[in-house]
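Here the protein sequences come in this chain order: A and B.
Note that the numbering used here gives residue 2 to position 2 of the first sequence, counting from 1, and the numbers run on in steps of one.
Note that the numbering used here gives residue 238 to position 238 of the second sequence, counting from 1, and the numbers run on in steps of one.
One should not assume that every hint holds.
[What the hints assert, rightly or not] Some chain B residues close to chain A (C-beta under 8 Å, calculated; not the full set):
| no. | residue |
| --- | --- |
| 1 | Leu174 |
| 2 | Ala179 |
| 3 | Asp202 |
| 4 | Ile268 |
| 5 | Pro283 |
[Said to hold, decoys possible] Computed footprint of chain B on chain A, listed as stretches where at least three residues anywhere in the stretch have a Cβ under 8 Å from a Cβ of chain B:
| no. | region |
| --- | --- |
| 6 | 38-52 |
| 7 | 60-74 |
Just so you know, the hints here were simulated from the structure itself, not pulled from any lab data.
Note that the Cβ used here is the ideal one computed from N, Cα and C, for glycine as well.
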Amino acid sequence: MALFFKLAPTSGQPLYLQLMQQIRHGAETGALLDGDQLPGIRTLAEELIVSPNTVAKAYSELEHEGLLELRQGSGAFICVKRRTQSLTDRVQASRRKLRDLIDQLREAGLLDEEIHRAFEAELTHPVLAVKKR
Amino acid sequence: MTDEFVIVTQALSKSYGHSEAVRALDLSVGRGRITAFLGRNGAGKSTTIKMLLGMIRPTSGSGTVLGNVINDSKESVALRRRVAYVAEDKPLYGYMTVEQIVRFARSFYADWRIDSEKQLLRDCELPLRRKVKSLSKGMRTKLALLLAFARRPDLIILDEPSEGLDPVATEYLLQSLVARASEGSSVFFSSHQISEVERVADHVCILEKGALLMDASLDSLRESYRRIDLVFPALPAEREFRISGVQRIQTSGRQMSVFASNNADEVIERAHGLSVVSVNVTPIGLRDIFLETVKENERALV
Chain A
1 MALFFKLAPT SGQPLYLQLM QQIRHGAETG ALLDGDQLPG IRTLAEELIV
51 SPNTVAKAYS ELEHEGLLEL RQGSGAFICV KRRTQSLTDR VQASRRKLRD
101 LIDQLREAGL LDEEIHRAFE AELTHPVLAV KKR
Chain B
1 MTDEFVIVTQ ALSKSYGHSE AVRALDLSVG RGRITAFLGR NGAGKSTTIK
51 MLLGMIRPTS GSGTVLGNVI NDSKESVALR RRVAYVAEDK PLYGYMTVEQ
101 IVRFARSFYA DWRIDSEKQL LRDCELPLRR KVKSLSKGMR TKLALLLAFA
151 RRPDLIILDE PSEGLDPVAT EYLLQSLVAR ASEGSSVFFS SHQISEVERV
201 ADHVCILEKG ALLMDASLDS LRESYRRIDL VFPALPAERE FRISGVQRIQ
251 TSGRQMSVFA SNNADEVIER AHGLSVVSVN VTPIGLRDIF LETVKENERA
301 LV
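Just chain B, with the same shape it has in the complex (with noise of 0.2 Å):
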């Protein structure tokens, strides 16, 4: 299980009061791959990152990270000298300069890398003798980003990393991303930019209330997700295209538009026995998987 895994999590949940979190999470999340954890501002990616990390104590359920349990407060130190972890608001040190915030930190690691730091440093252009407290937004996420890049982890957790970067800067985070990917790190990262996750993830994750609402490879999404647009002589009845798999069917006139995560072929196979006109199947991207997936579970909630 650990082998196969770098997290995972039984039954995960944060309670604030009345209000929950994160409910009942069941996560698994594989090793050398890189793994988004997509969901809205406000589904729960942070606090459960957090208690991944041994930041926030779980309400209840259990959950282990490169096989060190997460909430044993020993267990807990030892995992984080093999995860490299870039919180959301990037704190550091704002009385340090660059230099000594990088000198600082190497201390710590047993496996930092001395030619990848001088590699990002050339790179992200840090102006080594400032104050943290006075670089700019997008290059204190540079300088939160190369402490965790210049080691080399074996896992690798970056909450929201491209907050505040522009894109030459995104560009470069996803870069460094599949370097370390490739240097054998897993990588779980949460983020709401479906963009740079459809591109650089092997696997998506999609919280949403603090529940899991999906846990697929982006291969098999691609692969699986299709809009048919259906015209007909005469319109048959819904149900006819009511198969697994189908997640939507709307009707105007003689047109059908199913909305389909599986099945496709199916649904395809049906429309001709009903005589149909036209068939147009277009793939469907992440992001109307997730505004669909969303969407999904809100009704399914009234």
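Chain A on its own, in the form it takes in the complex (with noise of 0.2 Å):
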């Protein structure tokens, strides 16, 4: 398998949401292609040697997103519609807003610290911040 997972384990965040952004991530970037197969759970699981309900769960969310096809006994493809290659665009726009943003704040003041910080802090609870939407 040429992508190279790495999971955190006390990073904060539940494995198997890295193990599905890092797929995400690859699926955005390219270095995953429509088609492209993933290692069965049982060997990605051994490899990363994590528990199998933790690729399990990435596998069937990511499913569920469509960004994943679970084929009976051959495992995990990729497929990347339009949908998620527009998403591609948006990462990029959002880049330049965060960029704006970044330059605004650093010249309202704040060093790169802080304005790290903030970010995180207004990140902590992103299940909640989207209900509240």
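Build the complex: two chains, separate frames, hints provided.
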């Protein structure tokens, strides 16, 4: 497998979410292409030395999102539709917005350290933040 | 109930004279999961495990393992056929050679898998002709684990499996454990090695002084435990932050450090209401959760 997943057990984020993000990131950056096969649940669990439930949950959530297709007995396949590809554009666009915002914050006299902390504090509970909207 | 859980105990207790080794333990271990049984030395982990397997008679309370009642001698035999157990001290017949003991164990179990046995023997590089009594501690542990992992049991119970293993062998142990879980075995293992628990377990039960202090999924712990470091222009009263989920507050000058098992966003919200200057949120690893939970328990007992 060409992808190198790295899970950080102490990072404060469930391992299955970390794995989902890394697969999603792989698809967004083109490291994973449409039709690419991911290792089976057992293989990946053994490779990463995490519970098979972690991999199974990540795979099934990604299937739900439409990024993975699980074929019985033969594994998981990346399925990058146009919708997901436009995500790449959205990521590019947000990057520009983010840069502008950071420039403004720097101009306002905030140090990078402080900006970093402020972002992290605002991102603490993403699930709740979504609910509030 | 028995479908969902492989181990269930109700008020399980064991006393030796005046000392209570296990106190009114209500344990539920989920099927198809890797559950870690975490606790200090002497917390009562081995005593609990031995009661589950019918090796120690409980003083009071009851329990089932795979639906079999633990203090019924007939059912206890039945459950031991379906459970692979590796004891803490890895007792093995010293006069047998590695090859002999593998053959001996194979004859007992219907769920023995010859292909796994071959694979494990190859991977573990055990000297087949050597007598068990002259194996090193690490080799002995590997052999004891091999005898459990060569089977396809419904449940694997391991008591301090990594004790005495070097890092390479520990890695192999965890990998084998993941492999068995992938094949459908539920796993319950005791440990005080937090870093290995943190990687591989779905669920963690913390035992301290014979009592269950925590029973939670690692994902929920990762999501909810936060340390929030705050700096204020003028330090507000601590009571402003005494909300549910806040376990401990420390202050120094204008700084406040809040240890929260939950509700971190509410803490941050309140801090903003009190014109906080700086907010720093960091996740808390299992090591600190463990230490903090044990410490809090001690404070509560005083």
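How the hints compare with the structure:
{"no.": "1", "hint": "Leu174", "verdict": "5 Å, holds"}
{"no.": "2", "hint": "Ala179", "verdict": "6 Å, holds"}
{"no.": "3", "hint": "Asp202", "verdict": "5 Å, holds"}
{"no.": "4", "hint": "Ile268", "verdict": "6 Å, holds"}
{"no.": "5", "hint": "Pro283", "verdict": "2 Å, holds"}
{"no.": "6", "hint": "38-52", "verdict": "holds (count 8)"}
{"no.": "7", "hint": "60-74", "verdict": "violated (count 0)"}
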